[in-house]
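Student: Spelled out from the first residue to the last, the chains are:
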Amino acid sequence: MIPIQKLHYNLEKVSMGLVAAIIFAASIGGIVEIAPLFTIKETVEVPEDLRPLAPLELAGRQIYIREGCYACHSQMIRSLSDEIDRYGPYSLAAESAYDHPMLWGSKRTGPDLARVGRKYSDAWHVKHLINPRHVVPTSIMPVYPWLMEELDTSLLSAQVSTLHRLGVPYDTSQLENVKTDVLAQSQPDSDEAEGIAKRYGKDVAVRAFDGNPEKLTEMDAVVAYLQSLGTRTKEPYKILSEKPK
Amino acid sequence: MIATLSVVERQVGLLLSVLLALVGLVMAASAGYGVMAVHGSMALVLGIALIFAFSGSVSDPEPPADRIYHYYDAPIRFGIVMTLIWAVIGMAVGVWVAALLYWPEATPAAPWTTFGRLRPVHTTGIIFGFAGNALIATSFYVVQRSSRARLADAVSPWFIMIGYNLFSVWAVTGYLMGSTQSKEYAEASWYADILLVVVWVTYFVLYMRTLARRNEPHIYVANWYYMAFILVVAMLHIVNNIALPVSFSSDQSFPVWGGVQDAMVQWWYGHNAVAFFLTAGFLGMLYYFLPVRSGRPIWSYRISIVAFWGIVFFYIWVGSHHLHYTALPYWVQTLGMTFSVMLLVPSWASAGNAIATLNGAWHKVRDDATLRFMFVAAVFYGLSTFEGSFLAIRPVNSLSHYTDWTVGHVHSGTLGWVAMIIFGAIYTLVPNLYDRSQMAWPRAIDWHFWLAVSGTLIYVVSLWNAGITQGLMWRTYGSNGSLAYSFLQSVEAMAPYYLLRTIGGALFLAGAVLCAFNCLATIRAAPRGVEAIDRPLSPQPAE
Ligand code: HEM
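Protein sequences appear in the order of chains A and B.
According to the numbering used here, the first sequence is numbered sequentially starting from 3.
According to the numbering used here, the second sequence is numbered sequentially starting from 95.
If you are wondering where the hints come from, they were derived from the structure by calculation, not from laboratory data.
Each residue gets a CB set at the ideal place from its N, CA and C atoms; glycine is no exception.
All clues stand as given, with none of them false.
Have a look at the derived ranges for each label pair, beta carbon to beta carbon:
1. A:Lys121 - B:Pro536: 56 to 62 Å
2. B:Trp197 - A:Tyr122: 24 to 30 Å
3. A:Gly169 - B:Ala159: 57 to 63 Å
4. A:Leu242 - B:Val333: 32 to 38 Å
5. A:Glu152 - B:Val102: 50 to 56 Å
6. B:Val473 - A:Pro147: 43 to 49 Å
7. A:Pro147 - B:Ile332: 37 to 43 Å
8. A:Ala160 - B:Pro536: 57 to 63 Å
9. B:Tyr395 - A:Ile30: 22 to 28 Å
The calculated DMTMM-like cross-link candidates involving lysine to aspartate or glutamate, where the alpha carbons are at most 20 Å apart (straight line), are:
10. A:Lys129 - A:Glu216
11. A:Lys129 - B:Glu199
12. A:Lys8 - B:Glu310
13. A:Lys15 - B:Glu310
14. A:Lys181 - A:Glu152
Facing chain A, from chain B, some residues (calculated, C-beta under 8 Å):
15. Glu199
16. Thr208
17. Phe209
18. Arg211
19. Leu305
20. Ile313
21. Ser344
22. Val350
23. Val354
24. Ile399
25. Ile410
26. His416
27. Glu586
For reference, chain A alone in the conformation it holds in the complex (with noise of 0.2 Å):
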């Protein structure tokens, strides 16, 4: 027996043993792939405009993810060149910074959703969400009705102060301002529709998203989660005005 089948001999019959040389085997790939992204500049570098979603596009995130709507759609537009011609720049590990989890999807039953954001109306979006068919007549994505029933925000505040601990740069007075900005996001004719564009900057919509200022609907939030998909930094556009084509 060469040495190495006769330490493999002795190792089979010591349970521990094939335990440790078990984990040290699993262990390396790992850390050699992932422990290096929390450090290099490409994987951690924030580009300056970045801003994060404001509550009622993260309640409309969380809609997104409560209807597995990323089991058709990806977010992670890839660097080629019909991707790019399709839809648009290709996505940055920055512009998924502050999201928990990452939305990047692995199945395009239904077309990736990284730049949808201004593409379409906000009416568009409502009746498509209600029934795609109504719009596009033969596709395959399910009917959302219940969309239209109200949002309910009472965890709103929690989960903005949860992401913040998890580093989302929130500051105090986003912080603060949750309940307020949720609503006003949807009524550009309050008093506070002001302090949206205060506190998450001036392009961030601000619309009566479902057609109704009155009553604040999930719909509200997946529109205006939709439109600020890909509008949240103009980082993607300048690198690629910069790069050769």
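Following the hints, position chain B with the ligand against chain A.
Tutor: Just chain B with the ligand, lined up with the frame of chain A:
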């Protein structure tokens, strides 16, 4: 269950049931309403039912004193029954979601009948429910037989079985009610994740204690694979699921990982769930049941060693092949691709070793449908690992990723390999566990075999076509230099393939239902009282 426990063990069981009921009560009371309250109530009801069962029989007669010289098979019987139940549920939901992609309004519109909520019910129900129960049950069988020792304890196998199934039920009912972490194959909420950790640690301890009792100097190779499955799944599950609950009275939580780091952690988890849950554990199953059924020793012991360490070491690196051309740094993608290609060597070594083991037993493969399940499993294992290494090559992946090709690949592995080896093991185990010489309806095994093979082929071939068509339509440019097809055109082109896939899946499901009834008939035909009988430890090593 209870008749096989000693009085002290019943008292421990009673105590654990009270604990479960209390945990359920606290969860339900603190949440008040919503998903966590429902899950708390489920635990409460289960705990109370168990309390009644135990308290009614604490003073029943003790089991035979010589039980230590017998195998403990009662939890395995339970695990096999759960495997069959989850098989039917998981595959039925699979057929349902497949149908929804062809008839999007096939079922009445309600939140819980939408594709997005049902898809994780399918994946979790089938991976954790069906495959997981099969792995745990067979591991109990294999570790006892190959060690010639009884399970080290009588309460913990039940704790593992019941806790594990409670986790699975919490998970799938949670998705239906809209509670999900959205991480693929790790969608269950934070408290379910904690339950799984507790169950898993118990499982590991039981496994090691049983090995420590072995009457064999060597640990048989099947056990290494089961050990790798237990250990690495624990590592993956814990790291990927670290999350901060929004409040302790709600199911909501946010993972501590975000952005690109989350993507890497998720696919490190996701691919190794395939590797250590759906591959390593099942290789353990293969290395035990194939030699037993064919009556041939493993062809090459040396290859089994090399392949084992190759699989354990290489697989961990390959998760990043899910993120080609994304915002993940290029060198990580390259590592993932390189190791994925190298992985073909240990994978084919395992598949080849299994097939070569059948040398000299080909007449049995021809005549015995059960052995044929195992043979076909080994073949599909070889085919899908080849396809996997191929799909991990960056330019190939640029075409296949995000398309149905991936789903076709997944199912060539899961239908062709995982499900087939499970059915092979079930048809071997069930008669054995219920003291029958064979299944109640031996002909039905043949029927099942052909339903399964044809279902798999229809499924996989139609999705190859679907995926390649999709990938090509997305990247084709017209003569004027702009994209030739809209996304919607690619959706429309999928319809015939989605229909075919649904048909293939329905055939496969029909086979599984047949298997469940066949097992039911076999169990019904078992001699009375077989549940409580334990088989004596065999004087010979089992393999
Ligand atoms: C009755 C047979 C089955 C049918 C009809 C079926 C159908 C499906 C469908 C429609 C999907 C969603 C694909 C998509 O998003 O486009 C899916 C995904 C999946 N299924 Fe199945 N399935 C079956 C059996 C199984 C089995 C036995 C397993 C595992 C042991 C399995 C594991 C998976 C996994 C892991 C995914 C996720 C794939 C991915 O993310 O790429 N399925 N299945």
